[in-house]
Amino acid sequence: MSNLHKNHFELLGLTAQFALDTQLLDQHYRQLQAEVHPDRFAAASSTERMQSMQWATQVNEAYQTLKQPTARARYILALKGVDTEEENNTSMPADFLMLQMEWREAVEEAYDARDLAALDKLLGDMRQESQDLQDMLAATLDQQQAWQEAAGMVRKLSFIDKIRADVAHKISKLEDE
Amino acid sequence: MAYSDKVLDHYENPRNVGSLDKNDPSVGTGMVGAPACGDVMKLQIKVNEEGIIEDAKFKTYGCGSAIASSSLVTELIKGKSLDQAMEIKNSDIAEELALPPVKIHCSVLAEDAIRAAITDLRTKQGIKDEQVA
Chain A
1 MSNLHKNHFE LLGLTAQFAL DTQLLDQHYR QLQAEVHPDR FAAASSTERM QSMQWATQVN
61 EAYQTLKQPT ARARYILALK GVDTEEENNT SMPADFLMLQ MEWREAVEEA YDARDLAALD
121 KLLGDMRQES QDLQDMLAAT LDQQQAWQEA AGMVRKLSFI DKIRADVAHK ISKLEDE
Chain B
1 MAYSDKVLDH YENPRNVGSL DKNDPSVGTG MVGAPACGDV MKLQIKVNEE GIIEDAKFKT
61 YGCGSAIASS SLVTELIKGK SLDQAMEIKN SDIAEELALP PVKIHCSVLA EDAIRAAITD
121 LRTKQGIKDE QVA
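Going down the list, the protein sequences come from chains A and B.
Note that full-length UniProt numbering has the first sequence beginning at 1, numbered continuously upward.
Note that full-length UniProt numbering has the second sequence beginning at 1, numbered continuously upward.
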């Protein structure tokens with residue numbers, strides 16, 4: 001098994017770029033998954049079983065990373081040696097932070113008023129903002145190769161991922177009650 | 001995760017929540033955000049003619065530690081000059097609130113918010129700021 005040194009794109013037989021054919025990703029993933037499934041190594045030596053486990057873990061990690069747009073962009077930047085500084089870069093553009101504040105306030109109000117329609121609408125706005133950023137990332141990473149600019153977009157996406165997860169959680173909480 | 005008593009105190013009774021008029025020439029507004037946790041913090045300061053911070057307000061969306069950090073910061077900077085406020089370090093905040101290592105970034109956010117508010121005020125007042133420039 002000489003796959004341990006491959007990067008996620010190589011492992012899944014895909015071009016290392018942000019724009020991704022998700023059907024191809026799924027298809028290659030399923031093929032690999034079948035190859036590395038632990039059941040196939042039931043009769044193998046313990047070393048081989050161990051290797052197949054490692055391989056299966058690596059394939060899973062590669063798939064999860066490439067499937068999620070923010071993680072995929074972060075990974076591409078890491079391959080280029082660029083840190084997205086999501087832990088310590090707090091100076092986001094003011095208009096973006098203002099939008100985050102407005103969203104937070106609107107989410108809080110809608111949740112307190114148990115207004116599912118308003119939460120759905122907000123979630124839709126966030127999905128759109130996220131999609132716009134992903135379109136920009138495709139151009140910034142794949143064509144312009146402007147890594148620092150792309151890192152700023154990843155920080156924005158990271159924000160939007162958080163608030164989307166929060167709204168989705170609030171919606172399901174209201175629906176469960 | 002267990003919060004320290006001080007974090008809980010600031011979280012349950014946050015000091016100086018609210019807004020100041022951002023168009024007031026004696027008000028500086030700092031907005032910062034932490035991508036890793038999605039927290040957003042707005043800190044505003046109002047200085048008097050002697051350059052002393054006489055009022056501070058904050059609005060923070062985030063975890064208990066982020067709210068406590070911003071609440072504490074508003075208390076710390078009141079009565080200080082801008083230069084003195086600039087000297088507040090995130091480690092001072094983290095220590096005072098006994099933040100665990102995974103929550104240190106909340107104190108970093110609060111420190112960055114002070115700097116952003118001071119920078120905004122100085123820019124507004126046309127004072128050249130060599131430290132932050």
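Rather than coming from a laboratory, the hints here were simulated on the basis of the structure.
Mixed in with the good hints, there may be bad ones.
[Said to hold, decoys possible] In silico EDC-like cross-links for lysine to aspartate or glutamate, where the CA-CA straight-line distance does not exceed 20 Å:
1. Lys59/B - Glu109/A
2. Lys57/B - Asp142/A
3. Lys124/B - Asp95/A
4. Lys124/B - Asp24/B
[As the list claims (entries may be wrong)] Each pair of labels, with its calculated beta carbon distance range:
5. Asp26/A - Ala2/B: 38 to 44 Å
6. Thr123/B - Glu85/A: 22 to 28 Å
7. Ala117/A - Ser19/B: 26 to 32 Å
8. Glu75/B - Met50/A: 54 to 60 Å
9. Gln131/A - Ser81/B: 25 to 31 Å
10. Ala118/A - Lys124/B: 48 to 54 Å
11. Asp9/B - Leu79/A: 44 to 50 Å
12. His5/A - Ser19/B: 40 to 46 Å
13. Asp83/B - Ser172/A: 45 to 51 Å
14. Leu116/A - Ser19/B: 26 to 32 Å
15. Ala94/A - Glu87/B: 49 to 55 Å
16. Ala117/A - Glu75/B: 27 to 33 Å
17. Asn88/A - Glu87/B: 16 to 22 Å
No residue lacks a Cβ here, since even glycine has one placed at the ideal position from N, Cα and C.
* **Enumerated hints in conflict with the structure, sorted upward** => Hints 2, 9, 10, 12, 15 and 16 contradicted; others consistent.
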